[in-house]
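Got chain V; can you put chain X on it based on the hints?
The listed protein sequences derive, respectively, from chains V and X. Under our numbering, the residue at position 234 of the first sequence is numbered 234, and the numbers go up by one with no gaps. Under our numbering, the residue at position 198 of the second sequence is numbered 198, and the numbers go up by one with no gaps.
Don't read these hints as lab results, they were simulated from the structure. In this text, all values refer to a predicted model and were calculated from it rather than measured experimentally. No false leads were mixed into what you were given.
Residues from chain X that keep clear of chain V, each with C-beta distances beyond 12 Å, as calculated:
| hint | residue |
| --- | --- |
| 1 | Ala40 |
| 2 | Gly42 |
| 3 | Gly60 |
| 4 | Glu69 |
| 5 | Arg184 |
| 6 | Ala223 |
Interface residues of chain X toward chain V, partial, derived using beta-carbon atoms under 7 Å:
| hint | residue |
| --- | --- |
| 7 | His76 |
| 8 | Gln91 |
| 9 | Phe93 |
Quick reminder that beta carbons are idealized off the backbone N, C-alpha and C, glycines included.
Listed below, chain by chain, are the residues.
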Amino acid sequence: MFDQILQFILTGITVGATYALVALGFAIIYNASDVVNFSQGEFVMLGAMSTIALSAGNGLPLWLAAACSVAMVICVGLMLQRFAIAPARGASVVTTIIITIGASIFLRGLALLLWGKDIFGMPHFSGEVPLRIGEATLLPQNLWVMGGASVLVLGVHYFFNHTTHGKAILACSCNRTAAHLVGINVGMMMLIAYGLSALLGSLAGILVAPITFTSYDAGVMLGLKGFSAAILGGMGNPMGAVAGGLLLGLIESLAAGLISSGYKDAIGFVILLLVLFFRPSGLFGKASAERV
Amino acid sequence: MPSEALLKIAGLTAHYGPIQALHGISLEVKPGELVAIVGANGAGKTTLLLTLSGVQRASGGSISFDDREISRMASHKIVQSGICHVPEGRQVFAPLSVEDNLRLGGYSLRSDQDRLDQELDGIYQLFPILKEKRKQTAGTLSGGQQQMLAIGRALLGRPRLLLLDEPSMGLAPLLVEEIFRVIRELNDKGVTILLVEQNANAALRIADRGYVLETGRVILGAAADELLADEAVRRAYLGH
Numbered sequence: 001m002f003d004q005i006l007q008f009i010l011t012g013i014t015v016g017a018t019y020a021l022v023a024l025g026f027a028i029i030y031n032a033s034d035v036v037n038f039s040q041g042e043f044v045m046l047g048a049m050s051t052i053a054l055s056a057g058n059g060l061p062l063w064l065a066a067a068c069s070v071a072m073v074i075c076v077g078l079m080l081q082r083f084a085i086a087p088a089r090g091a092s093v094v095t096t097i098i099i100t101i102g103a104s105i106f107l108r109g110l111a112l113l114l115w116g117k118d119i120f121g122m123p124h125f126s127g128e129v130p131l132r133i134g135e136a137t138l139l140p141q142n143l144w145v146m147g148g149a150s151v152l153v154l155g156v157h158y159f160f161n162h163t164t165h166g167k168a169i170l171a172c173s174c175n176r177t178a179a180h181l182v183g184i185n186v187g188m189m190m191l192i193a194y195g196l197s198a199l200l201g202s203l204a205g206i207l208v209a210p211i212t213f214t215s216y217d218a219g220v221m222l223g224l225k226g227f228s229a230a231i232l233g234g235m236g237n238p239m240g241a242v243a244g245g246l247l248l249g250l251i252e253s254l255a256a257g258l259i260s261s262g263y264k265d266a267i268g269f270v271i272l273l274l275v276l277f278f279r280p281s282g283l284f285g286k287a288s289a290e291r292v
Numbered sequence: 001m002p003s004e005a006l007l008k009i010a011g012l013t014a015h016y017g018p019i020q021a022l023h024g025i026s027l028e029v030k031p032g033e034l035v036a037i038v039g040a041n042g043a044g045k046t047t048l049l050l051t052l053s054g055v056q057r058a059s060g061g062s063i064s065f066d067d068r069e070i071s072r073m074a075s076h077k078i079v080q081s082g083i084c085h086v087p088e089g090r091q092v093f094a095p096l097s098v099e100d101n102l103r104l105g106g107y108s109l110r111s112d113q114d115r116l117d118q119e120l121d122g123i124y125q126l127f128p129i130l131k132e133k134r135k136q137t138a139g140t141l142s143g144g145q146q147q148m149l150a151i152g153r154a155l156l157g158r159p160r161l162l163l164l165d166e167p168s169m170g171l172a173p174l175l176v177e178e179i180f181r182v183i184r185e186l187n188d189k190g191v192t193i194l195l196v197e198q199n200a201n202a203a204l205r206i207a208d209r210g211y212v213l214e215t216g217r218v219i220l221g222a223a224a225d226e227l228l229a230d231e232a233v234r235r236a237y238l239g240h
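For reference, chain V alone in the conformation it holds in the complex (with noise of 0.2 Å):
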């Protein structure tokens, strides 16, 4: 019984460090403009299905493959804040929103277009010989999404907590005519904000992908997990969205595997519902307040 916990952990943890980077894409664009990027999950899907493509299709070594692929999905963000985000300034956050929404219906048929309905593999980083944990096992690809997820993590919290680009941009979130009055290039941060979180994106997606395996839809759940792990740790609290997306990840392993695996999904999505009914600024979401 321990051992299978303990296994059910383990994996909880490393779809927990997916959920985490897609959870964070979303709170740093959050952060930087309140608005929700459900094309979050597109990002996801984008870098794992174009390191394959590249690699298995072009014969690129995967490293190679996967630096190209996560050039490219930035170059997708940069574009979508620079001619669908921006362009809409002074709209609704709602309107901005819905926004993104078409954006990753427009992806997610792109990808349908270039690489078809099929479900596609991609080869694990270092080796499918399992490392034992006592009775559980782990795969070195789970201690890559771990590892990788964690420095990708640290990186983003030095980012914001540590330089003066991070803090201006949390500056342009708190008070955007103020970010003006200091001399931000306001538009700037916004496009390192989506930058930002495509590269977050596609990493994830690479990381999991050899796990996972993944497809032209890969996004949606993905995006709506990330969402859930989002609002569970407090929306625009970026070490919260982690810690909300770990403990999804968690919550859903433990209940796929004491439970029923058929559940899984709804448990996570159950949570969220709870989150937003009892805590809607989430678990580590400080409620709104400011002097004025």
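This is chain X only, laid out in the frame that chain V set:
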């Protein structure tokens, strides 16, 4: 005779959608001056300042700063050219620390951290309370402290022209006095200031010159003491 105008506004208009807020404003500020713009609520004072700093787009007319046309410039470029704006209602970055707020004020200095540290020390000398509270989030400061923070933040942009929008709003009388003393002191140190105030009395008393704004038009412009003595101005804006 003072030299050429530092800021020269001619025929400036601005619209919010179909509504015209500024109807051809013309005024100028010379280097070293403290100029007050007084007027009732809704006269267009805040719109005028926001248009100067590029947050609100001008729909017509010209703004020339240091002989450069800036009415079409992006707001961050305007800050770089030396116009810093203390907005109405303070608008501090509430969740960020006091020091982060100030450092963001020096955003255009970001490539020169040593210089930024020096400037920061200067602000802490001017407002010792901010040094004391530098680790606190700006949202926890009192109204007066937030006003000092907003002024300090703007000063870190090393303004050649400082725009102040209603710095006394919502403050206790003692604090109002303190804020106006600081403004006077800054001007004495050579900072050119354009001050917008509903508290016309206090503003005109420290200003060199003043303009009276009414429904988006300049209706009067004169030396501050002349405006203070003007019967019509007294009745309309000074409450006696």
